[in-house]
Amino acid sequence: MIPISYSFRNLWTRRFTTFMTAGGMALVVFVFAAVLMLAEGLRKTLVETGSPDNVIVIRGSAGSEVQSGVERLQAAIVESQPEIALGANAQPLLAKELVVLYSLNKRGSDKPANVVIRGIGTQSLALRPQVRLVQGRMPSPGSSEIIAGSSIARRFKGGGIGETLRFGMRNWTVVGIFDGGSTGFDSEIWGDVDQLMQAFRRPVYSSVIFRLRDTALFHRFKNRIESDPRLNLDARPETKYYSDQSEAMATFLRILGLALTVIFSLGAMIGATITMYAAVANRVGEIGTLRAIGFQRRSILGAFLLEALFLGLLGGVVGLFLASFMQLLTISTMNWQTFSELAFSFTLTPGIALKSLLFSVVMGFIGGVIPAFRAARMNIVEALRES
Amino acid sequence: MTTDTPETTASPIVRLRSVSKSYRRGGQIVPVLEEITFDIAQGEFLALMGPSGSGKSTLLNLIAGIDKVDSGAIFVGGVEITALSESELAIWRGLNVGFIFQFYNLIPVLTAFENVELPLLLTPLNRRERREHVEMALRVVGLADRMDHRPGQLSGGQQQRVAIARAVVTDPTLLVADEPTGDLDRRSAEEILHLLERLNRESGKSVIMVTHDPRAAEQARTVRHLEKGFLADAAS
Numbered sequence: 001m002i003p004i005s006y007s008f009r010n011l012w013t014r015r016f017t018t019f020m021t022a023g024g025m026a027l028v029v030f031v032f033a034a035v036l037m038l039a040e041g042l043r044k045t046l047v048e049t050g051s052p053d054n055v056i057v058i059r060g061s062a063g064s065e066v067q068s069g070v071e072r073l074q075a076a077i078v079e080s081q082p083e084i085a086l087g088a089n090a091q092p093l094l095a096k097e098l099v100v101l102y103s104l105n106k107r108g109s110d111k112p113a114n115v116v117i118r119g120i121g122t123q124s125l126a127l128r129p130q131v132r133l134v135q136g137r138m139p140s141p142g143s144s145e146i147i148a149g150s151s152i153a154r155r156f157k158g159g160g161i162g163e164t165l166r167f168g169m170r171n172w173t174v175v176g177i178f179d180g181g182s183t184g185f186d187s188e189i190w191g192d193v194d195q196l197m198q199a200f201r202r203p204v205y206s207s208v209i210f211r212l213r214d215t216a217l218f219h220r221f222k223n224r225i226e227s228d229p230r231l232n233l234d235a236r237p238e239t240k241y242y243s244d245q246s247e248a249m250a251t252f253l254r255i256l257g258l259a260l261t262v263i264f265s266l267g268a269m270i271g272a273t274i275t276m277y278a279a280v281a282n283r284v285g286e287i288g289t290l291r292a293i294g295f296q297r298r299s300i301l302g303a304f305l306l307e308a309l310f311l312g313l314l315g316g317v318v319g320l321f322l323a324s325f326m327q328l329l330t331i332s333t334m335n336w337q338t339f340s341e342l343a344f345s346f347t348l349t350p351g352i353a354l355k356s357l358l359f360s361v362v363m364g365f366i367g368g369v370i371p372a373f374r375a376a377r378m379n380i381v382e383a384l385r386e387s
Numbered sequence: 001m002t003t004d005t006p007e008t009t010a011s012p013i014v015r016l017r018s019v020s021k022s023y024r025r026g027g028q029i030v031p032v033l034e035e036i037t038f039d040i041a042q043g044e045f046l047a048l049m050g051p052s053g054s055g056k057s058t059l060l061n062l063i064a065g066i067d068k069v070d071s072g073a074i075f076v077g078g079v080e081i082t083a084l085s086e087s088e089l090a091i092w093r094g095l096n097v098g099f100i101f102q103f104y105n106l107i108p109v110l111t112a113f114e115n116v117e118l119p120l121l122l123t124p125l126n127r128r129e130r131r132e133h134v135e136m137a138l139r140v141v142g143l144a145d146r147m148d149h150r151p152g153q154l155s156g157g158q159q160q161r162v163a164i165a166r167a168v169v170t171d172p173t174l175l176v177a178d179e180p181t182g183d184l185d186r187r188s189a190e191e192i193l194h195l196l197e198r199l200n201r202e203s204g205k206s207v208i209m210v211t212h213d214p215r216a217a218e219q220a221r222t223v224r225h226l227e228k229g230f231l232a233d234a235a236s
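Protein chains in written order, with the numbering used here: chain A, 1 to 387; chain B, 1 to 236.
Honestly, the hints are just simulated from the structure, not real lab data.
None of the values given here were measured: they were computed from a predicted structure.
Positions of the beta carbon are idealized from the N, C-alpha and C atoms, including for glycine.
One or more of the hints may lead you astray.
What the hints assert, rightly or not - Just the calculated beta-carbon pair ranges, DEER-fashion:
#, chain 1, residue 1, chain 2, residue 2, range
1, A, 251, B, 88, 53 to 59 Å
2, A, 377, B, 194, 37 to 43 Å
3, B, 87, A, 330, 56 to 62 Å
4, B, 123, A, 382, 25 to 31 Å
5, B, 26, A, 251, 55 to 61 Å
6, A, 244, B, 87, 57 to 63 Å
7, B, 95, A, 370, 30 to 36 Å
Claimed, not checked - Which chain A residues stay away from chain B? Per the calculated CB distances, all over 10 Å, these:
#, residue
8, 157
9, 270
10, 302
Use the sequences and the hints to build the structure in full.
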């Protein structure tokens, strides 16, 4: 075979063209990777909000906690089910929670945005191992004290520790900051559920969350709950609940992003084709020589394809490198399922990196395949005449 | 139609039988070679001369297996190369023919060493064996000290010597040279011709050289003239 260094060095010899072409591909790969990272960031934020052995119970046909209502009697029936795990002092690991949307003003811009205010029970924190109190303390039961997610503390007026927020015709003091570990909880405010139900004049809970003794028991629980005529409730594993929530948005992002990428990539592939055509045209004599001294058509094809693949890969690596800096960015968007603010970041996974590099190599391949075939099919005598 | 030179009475290395070749130019068929039949003896140093368009390069290309005949047959070293497939022909060329071109045709991005090594990449030799062969070939052409230079860093005469090293590195039986001195100054041209003559005399390589230059042809043992697609009478 023609040595790999031949393809490499030819790219280096015309490095200006190489970098311009790879630069075009890098931009496309950047967009491609950024979109996937965005969808992944959103998915990760929402899905990691749930724990695999937690079950969330909401009103049947309610899409989310915000639309749901679980009456006190219904909640009590759920609480008495045998599948629920027991906590430290033989208390069921279960929390009856309230979710309310409230509009708060952002720091700096003073613009209002919806946040989730969650009424929590004594087990709420224990049910969510990914949530840690990082500053201050938990609110005392029966008081107008709240704790704020770190994203809320950072981005909303009055959300910092020691500050006060006004809602539900009361002032609430932030006594602690919790870190939701880049989950959706990071964009929530938590307070005592009974106090919040009174303040917001809500007679019902929004959801009941509990830990299963054993994840295998889920279906038994679900069947019993959903066939009980007193209850009109829907039980879902928490992870599924949150991934359902992210689905619409992630799909939207993915489709929009991929459509953009496809259009851009056409341009980049045409660029690669032109570059490779020029590479072939400049080296007609070399191709004739290589063929004359005994290299097969497929060796020529291979050498030029390899060159195009390198070109694509270079674009991919540069694009991915640039895209990796997007991880430093946090963006917030409306969570269309709950109509609340959701902060998340671009997340680069090995899978996305692999897909991006593969995508760039495919672009290089498609761009290079026609010129490479042209090179391989060249007539030796005519090619030699051009040298 | 063999030549009458006494040294070349050995069995012929090249046999052409009724070889015809024409080109299509603007819808018209232009005959280049017509019914050529002749032999080239083993160990010959043949110069093909003739005016432009006489078909001498075409004849060389056909013997070297980079062009296809319209009709007739060519045997080289007992192999009927006109019956080989495209891919078989490529393998055959790699083993049996060394090419020397007017403009050297070295690969600019590869060093002298790598250029000479290229034909060996088609052989089963390992890296160490290839290195030995390349160094030997470069020593023969007197450029062992320029191995790591790129073609652009060498003079025309040196580049042509690298090309000759590339042509002989696989130890082919046949060397074909198309105007090997056409781009060189007088002194370099003489060096190259002397080198070809030495390879012919000392290593017994058969050399077929197309040239315009009567002084180049003088170095050859036999000179044949082509006129409008026909072989004119031999003159040595």
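Holds or violated: 57 to 63 Å for the Cβ distance of residue 244/A and residue 87/B?
holds, 58 Å
Take the C-beta atom of residue 251/A and the C-beta atom of residue 88/B, compute their distance, and say whether it sits inside 53 to 59 Å.
Distance hint for residue 251/A, residue 88/B holds at roughly 55 Å.
For residue 270/A, is the shortest beta carbon distance to chain B beyond 10 Å?
Since the minimum Cβ distance to chain B is about 26 Å, residue 270/A lies beyond 10 Å and the statement holds.
Consistency of beta-carbon spacing, residue 382/A to residue 123/B, with hint 25 to 31 Å
holds, 27 Å
Do the Cβ positions of residue 26/B and residue 251/A conform to the proposed distance bound of 55 to 61 Å?
Given range 55 to 61 Å: holds, Cβ gap about 60 Å.
With d taken as the least Cβ-Cβ distance between residue 157/A and chain B, does d exceed 10 Å?
Label holds. Min Cβ-Cβ 63 Å, cutoff 10 Å.
Could you check the hint for me, namely that residue 87/B and residue 330/A are 56 to 62 Å apart, CB to CB?
Holds: the Cβ-Cβ distance is about 59 Å, inside 56 to 62 Å.
Cβ-Cβ distance between residue 377/A and residue 194/B: within 37 to 43 Å?
holds, 39 Å
Lying within 30 to 36 Å: is that true of the beta-carbon distance residue 95/B to residue 370/A?
holds, 32 Å
Please settle this one: residue 302/A was flagged as non-interface, so is its CB more than 10 Å from every CB on chain B?
holds, 12 Å
When each numbered hint is compared with the structure, no violation occurs for any of them.
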